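These are the residues of each chain, in order.
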Amino acid sequence: MSSSTEAQRLIALSLGKIAMSRQQRGGINLHKNLLVASVLHKARTTYMMDNFQTLLANKRAQAEREAAAKMIVETPCESGKKTTEKSTMDTSYHTRGVTDCNKANDTGVPNGERPETKNSGASDKENVIPVKQNRLENTINSCNEKSDVSDKKSSQRDIIVNNTPVVTGKLPLSRNNGNTNYVSQLPSCRCAGGKRRRSFVDCDTEPKKPRFEEYENSDSDSDCESDSGDNFEQMQTSESTQVKSLVDIFSSGFHGLCPESEQSQQQSSGQINVYVSTDRPLNGHQYVLKDLSCATQIKDSVAMHTAIALAV
Amino acid sequence: MSDSSGMISPTKEHKGPGFGSKQLHKIQNMLHHRPRAGSLGKKEKLEQIQGNGGEIQWCFSQVKGTIEEDITEADIISCVEFNSNGQLLATGDKGGRVVIFQRDGKGNPQFTGARGEYNVYSTFQSHEPEFDYLKSLEIEEKINKIRWLKRSNPANFLLSTNDKTVKLWKVTERDKRAEGYNLKDDAGLLRDPTSITSLRVPSFKPMELLVEASPRRIFANAHTYHINSISVNSDQETYLSADDLRINLWHLEVTNQSFNIVDIKPANMEELTEVITAAEFHPTECNLFVYSSSKGTIRLCDMREQALCDKHAKLFEEPEDPTNRSFFSEIISSISDVKFSHNGRYMVTRDYLSVKVWDLQMDSKPIETFQVHEYLRSKLCSLYENDCIFDKFECAWSGNDRHIMTGSYNNFFRMFDRDSKRDVTLEASRENVKPKTVLKPRKVCSGGKRKKEEISVDCLDFNRKILHSAWHPQENILAVAATNNLYLFSSKE
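So the sequences go chain by chain: X and H. Just so it is clear: in the first sequence, position 147 is 147 by our numbering, and no numbers are missing. Just so it is clear: in the second sequence, position 184 is 1184 by our numbering, and no numbers are missing.
Hints were generated in silico from the structure; no laboratory data involved. Quick caveat: nothing in here was measured; it's all calculated off a predicted structure. Watch out, some of these pointers could steer you wrong.
[Unchecked claim] In silico DSS-like links for lysine-lysine, alpha-carbon gap of 30 Å or less:
| no. | chain 1 | residue 1 | chain 2 | residue 2 |
| --- | --- | --- | --- | --- |
| 1 | H | Lys1451 | H | Lys1379 |
| 2 | X | Lys17 | H | Lys1094 |
| 3 | H | Lys1265 | H | Lys1311 |
| 4 | X | Lys17 | H | Lys1135 |
| 5 | H | Lys1443 | H | Lys1421 |
| 6 | H | Lys1492 | H | Lys1440 |
| 7 | H | Lys1094 | H | Lys1295 |
| 8 | H | Lys1436 | H | Lys1452 |
| 9 | H | Lys1295 | X | Lys17 |
| 10 | X | Lys17 | H | Lys1379 |
| 11 | H | Lys1265 | X | Lys17 |
| 12 | H | Lys1167 | H | Lys1064 |
| 13 | H | Lys1295 | H | Lys1421 |
| 14 | H | Lys1311 | H | Lys1392 |
| 15 | H | Lys1392 | H | Lys1064 |
| 16 | H | Lys1314 | H | Lys1265 |
| 17 | X | Lys17 | H | Lys1392 |
| 18 | H | Lys1150 | H | Lys1314 |
Model the full structure from these sequences, guided by the hints.
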């Protein structure tokens, strides 16, 4: 078994264990979940490292696509808030992701956290990338985040869910082309990851467990944008994408982990949910959601909450 | 085998009733082991009886519990603990019950070598399942730990804990009844006080022994996370309770207050990297305690230094072996149990694959490391899948601190002789239930040719595991919990 497949299998296993722990009697076992989170982190890291080269190549191709897509979704408020990477990624994911997200919600996500995306619609067909590539692109983007922080363009907040490959069986299928597209909420994920990175030296230990204890579904990920100045390490995006996928799949499971999460969910139910994870409230952040199906743009700004979702 | 002082090891000596070997051995023991107060005579006699330098031959003694294949979850034993003189043995199970066994007094171990048997002394329901309405969480009634207090009056006291609440139980005997009251008539109704004209002093009449257990203190609402350890201080007045992130100090008389002495909860839970897995007070120094972490470190703390002992006095950590790094390195390095030796100079820690003996004076590395089931190292992925990698095994010292025992899978348990560096694998099984049957050493082969009598790693039953066990504080008697059965083993003599 290649290390990449092994890593994928471990990721799936770990996610399953974390989900199972919710049903266990006696509450969540903090110790066990912390250990599972550390395995999850290591597996993800390994997976990312293995695919680094491919990701790099895909990223270059994607950058061009994003540049084009960006023109459509740029809004004045967003300027200066996002890194180049983010925006390029956002636009590209946006187009792809929207479709997937909705589909994901239908198939993979029982309820609760719905990483909302805009429906990409027919116009995104050209931007739809094959399954594998999507995944790789996500990782590539995350890898390069660190290096490129000068994104001036603003783009709508894409909620991108990046389902872990191992969860293939349950992955949402794109409406458009039947590929499993991965949507990852990069901005928020990155944010949380960045903060995590700053927090401790030991990368190996993944403090994901505690995060999901206080899990909250924040409504804005604009915090991430503001962190454009931060040095996002390669891991962050991978973490965020993984976490996001985790959240998507087990969103119902997270219900009740954090008291506030229910509240947030209620707020966002029935609306376009912007899935955000951040650990510090920041001021004046705005994000834009673009619903391609109806060409509406929604602006909102909310306080950031702890990136609990990412914890897992 | 020979010790650092250069003296000849007793095992090399002629094992016979000769004058020279026994005397030499006796002297050697006195030099090696700091004698515990009051036990010097007993220990020496025991060594003499064994006559072979302390190598123990284990025999089956008793087994408690049902033979049925169908195991009720509530019957699974979750902790085993001898009291300070070994006369009482307490077990706690997942159903929240505590069963106390008492050693019957027949046979004087010192002279005849006949050991008394353990029989049920008392059973009571210690904890009930609870529901935390605020968090919508069920609180399990499983007994996580039992610790005895030293006996100071005819009653016995023990602390038992589940995930959230510690209780102090008083276990008393009643074998006399007062009779002769003339306050009630024959029917049992109270007589009219004005009709009583004489004073009759009741007298005590013997009755059948009645053992009563009553909860004397309930220490609740002090832990947000699951309690994993309790430890009574040598001052017998205070004790600590440890959960995943905090350690609290209690006074046995005070239930509405506890002091938080260790708090490793980070301000931002996202930054959490390790949790507390076990904690114990030093057996003689009332200001020292240790706690182990999920990262494989042990911290020794001195309560005299600060009220909040977040800063450790000593940090015991062995550098990680980079060749053994894998996805599961962190999990298998997590310490599941830490126990001080009886003399207080050493401590033993148990992680998933090994037991390590640490000298309190040296924090850079353990002085001894014993592999428990190294053949599982290549199976870590499967063990992760079936959750066995998260099993928390306990370890125990022998009374003379020379031996260490710990459990493994397939109902195997491992004994390590620190002096001879020899180890043996034994099995707790109903196949050898004839009393005084010497247990046959078992062997696991990890691959290649399987010899006769050996068990292959793939044939091990990972559902039958020995997580909890206890060693009699003075004698060579082992209490081993195998799922819902309690096995008692004693040494041959």
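Mind checking the alpha carbons of Lys1265 (chain H) and Lys17 (chain X) for me, to see if they're no more than 30 Å apart?
-> This hinted pair holds, its Cα atoms lying about 23 Å apart.
Does Lys1392 (chain H) lie within 30 Å of Lys1311 (chain H) when you go C-alpha to C-alpha?
-> 26 Å, holds
30 Å Cα cutoff - pair Lys1492 (chain H), Lys1440 (chain H) | This hinted pair holds, its Cα atoms lying about 13 Å apart.
Verify the proposed pairing of Lys17 (chain X) with Lys1379 (chain H), using a straight-line Cα cut of 30 Å.
-> Since the Cα atoms of Lys17 (chain X) and Lys1379 (chain H) sit roughly 18 Å apart, the hinted pair holds (cutoff 30 Å).
Restraint status (C-alpha distance of Lys1443 (chain H) to Lys1421 (chain H) at most 30 Å) = Answer holds: Lys1443 (chain H) to Lys1421 (chain H) is near 17 Å, not above 30 Å.
Quick one, are Lys1094 (chain H) and Lys1295 (chain H) close enough, alpha carbons at most 30 Å?
-> 27 Å, holds
Compare the distance between the alpha carbons of Lys1295 (chain H) and Lys17 (chain X) with 30 Å, and conclude whether the hinted pair is satisfied.
-> With Cα atoms ~20 Å apart, Lys1295 (chain H) and Lys17 (chain X) stay inside 30 Å; holds.
Does the structure keep Lys1314 (chain H) and Lys1265 (chain H) at a Cα separation of 30 Å or less?
-> 20 Å, holds
Within a Cα-Cα threshold of 30 Å, do Lys1436 (chain H) and Lys1452 (chain H) meet the stated pairing?
-> Holds, at roughly 25 Å.
Would you mind confirming whether the straight-line C-alpha gap from Lys1167 (chain H) to Lys1064 (chain H) stays at or under 30 Å?
-> Distance ~25 Å between Lys1167 (chain H) and Lys1064 (chain H) Cα, so the pair holds.
CA of Lys17 (chain X) to CA of Lys1392 (chain H), is that 30 Å or under?
-> 17 Å, holds
Between Lys17 (chain X) and Lys1135 (chain H), is the straight-line Cα distance small enough, at 30 Å or below?
-> Since the Cα atoms of Lys17 (chain X) and Lys1135 (chain H) sit roughly 21 Å apart, the hinted pair holds (cutoff 30 Å).
Of the numbered hints given earlier, the model fails none.
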